[in-house]
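One letter stands for each residue in the lines below.
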Amino acid sequence: MVENRPLLNILAHLVLILGVLIVAFPIYVAFIASTHGPTDFLSGLIPLTPGHDTWHTYMTMLTTGMQSSGMPPLSLQMTNSLIMALTIAIGKISISIISAYAIVYFRFPFRSLAFWLIFITLMLPVEVRILPTYKVVADLGMLDTYAGLTIPLIASATATFLFRQVFLTIPDELMEAARIDGAGPMKFFWDILLPMSRNNIAALFVILFIYGWNQYLWPLLVTTDASHYTIVMGIKRMADVADAQPQWNYIMATAILAMLPPVLVVIFMQKLFVKGLIETEK
Amino acid sequence: MAAITLEAVGKTYAGGVKAVHSIDLAIQDGEFVVLVGPSGCGKSTLLRMVAGLESVTEGKISIGDRMVNEVEPAERDIAMVFQNYALYPHMTVRQNLAYGLKNRKMAKAEISRRVDEAAQILEIGAFLDRKPRALSGGQRQRVAMGRAIVREPAAFLFDEPLSNLDAKLRVQMRGEIKQLQARLGTTSIYVTHDQLEAMTLAHRLVVLNGGQIEQVGTPLEVYRKPASTFVAAFIGSPAMNLLNAKAEGGVAHVGGGRVPLAAAVTGPVTLGLRPEDVRPADAGTEGAFVLKIAYVEELGAQKLVHGTVEGQNFACALPSDAALGQALHLVPEPGAAHGFDAQTGKRLG
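Those sequence lines, one after another, are chains A and B. Residue numbers for the first sequence follow the numbering used here, beginning at 6 and rising by one. Residue numbers for the second sequence follow the numbering used here, beginning at 244 and rising by one.
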């Protein structure tokens, strides 16, 4: 369908530009705010033109943090967030690809029961099971550890389900050809299945990295020691100050820094991400 | 290279469905055997049992002197060519060919020697470094065969390898497979539902129906002396005409004519006549029967005349210049009529 209606084009572009502005404006405001000194906000108005304190604000946050509200340096919080997001993404992918492999390619008793049990956990996100999970983690002594931050978030039904669908589209003949070629189950997995799901793994990595990075409630619960704070929960702590003005320049700088890694992941993995979601040829 | 022996081989699926009934078949070393039959006749199941991809529930399969019922596919010394090629999409052609050899821990130099040799035989040398998706159907088919050749196995197993190709390419690849097999002399089992492919390729044909062997023989034997009405109707194109007739002392009476049979039977009989085995005759010719013409298909070299004999469908092939009216008087070529038992469908005489 090729249409050439100038008016429609203009309208379409207008809507798109408006949409971009709506999404981009808050980010712009956040960035501008982070370039000003702390006194610029006392008037109650947020300035819309860049200030002169950019370097100072970001360096302070990255190296010393905000001691008044018990904030460790952002570099540490970002490292914590990175460790958490990477562990969750890699852990989820490894576990779910292996369980999908078992469910699709092996005949064992209660196979479909196993699949449905995994599938049912889709109905139980972290928030629903947060109290029992906290109790388990606490009893295991994993509060204020990286293990406690990540392990309860790793088991994943969505990813298992996705890999199952991917494996089901791979023709059986390929597995049979591999059997005749002398590839055992492990070799088939490493040599054929894993490379063939490369794009899907990449797409899933992007989604899961952002999922892990954005975790807020769970880190808030299981960390009490500042050395394990993550940046997303850190932002909230900074805004909650008693008897003082929130220091918006520092808060906004933190928000910008917190946004950066997921954006970078998306930018650099965009090609693989799109391929993994739309590619059908096997 | 090895002989393959099937002794009373059967397959019953877990649900109790019997796909293959007690098959006995001895395939000689270097022989090209084609399993042919309609879909669901068990031919693919039988091949996959030889390959080791399906378990054998009854009987014994031996490759060479070795009983292989419980042997893993990789250990059976066979190579298989699949209908959809089953090439590894993320590997180059070279890696596809080498994968099976690498898994056998063969020396690198030997692998590359074999790959180059196979590439030369199949003329795929130019795209050894491409991925399968950059190849055409015919080229993929060659790569699939290359993967079988490099293994230098005791037997090739082909599972409808040409079904995904277009008609022209199919004829060409058919010829190439035949030459290749003759050149390598490797025992081959080939499964197809296409009787033309079966006729042209086979040293020996095995016609299967409902999980049982209907007939085993050279293509000409099967064509000239079909063992049953099933084989008669399945082998040959256009298909053999089968008419219900009454026989008396070895002569079948149908459509006002009399057709002599090989066996001296009396009573109801199924008369088989190939479309090319009848010729037109003048009205009143001794023994001629009448064909009421319904429609005519021009094939170029000849024309195919469809109609009815005593209300039963009948087709005959005539020279393209033959003049046609409303009806034709036909007489069979001497000795060309086949008689089948009207009840069992088995060949008489």
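Hint data in this document are derived by calculation from the structure and do not stem from the laboratory. Possibly wrong hints are sitting among the right ones.
From the structure, some residues in chain A lie toward chain B, with a derived Cβ separation under 7 Å [what the hints assert, rightly or not]:
1. L127
2. P130
3. E132
4. D144
5. E178
6. L179
7. A182
8. R184
9. I185
10. A188
11. L199
12. P200
Over the 12 Å line for every Cβ pair with chain B, so calculated as not near, a few chain A residues [stated by the list, open to error]:
13. F113
14. M201
15. S202
16. W253
Built from N, CA and C at the ideal position, the CB exists for glycine as well.
Worksheet item: Can you list which hints this structure breaks, lowest number first?
Response: Violated hints (numbers, rising): 1, 2, 3, 4, 11, 14 and 15; every other hint is consistent with the structure.
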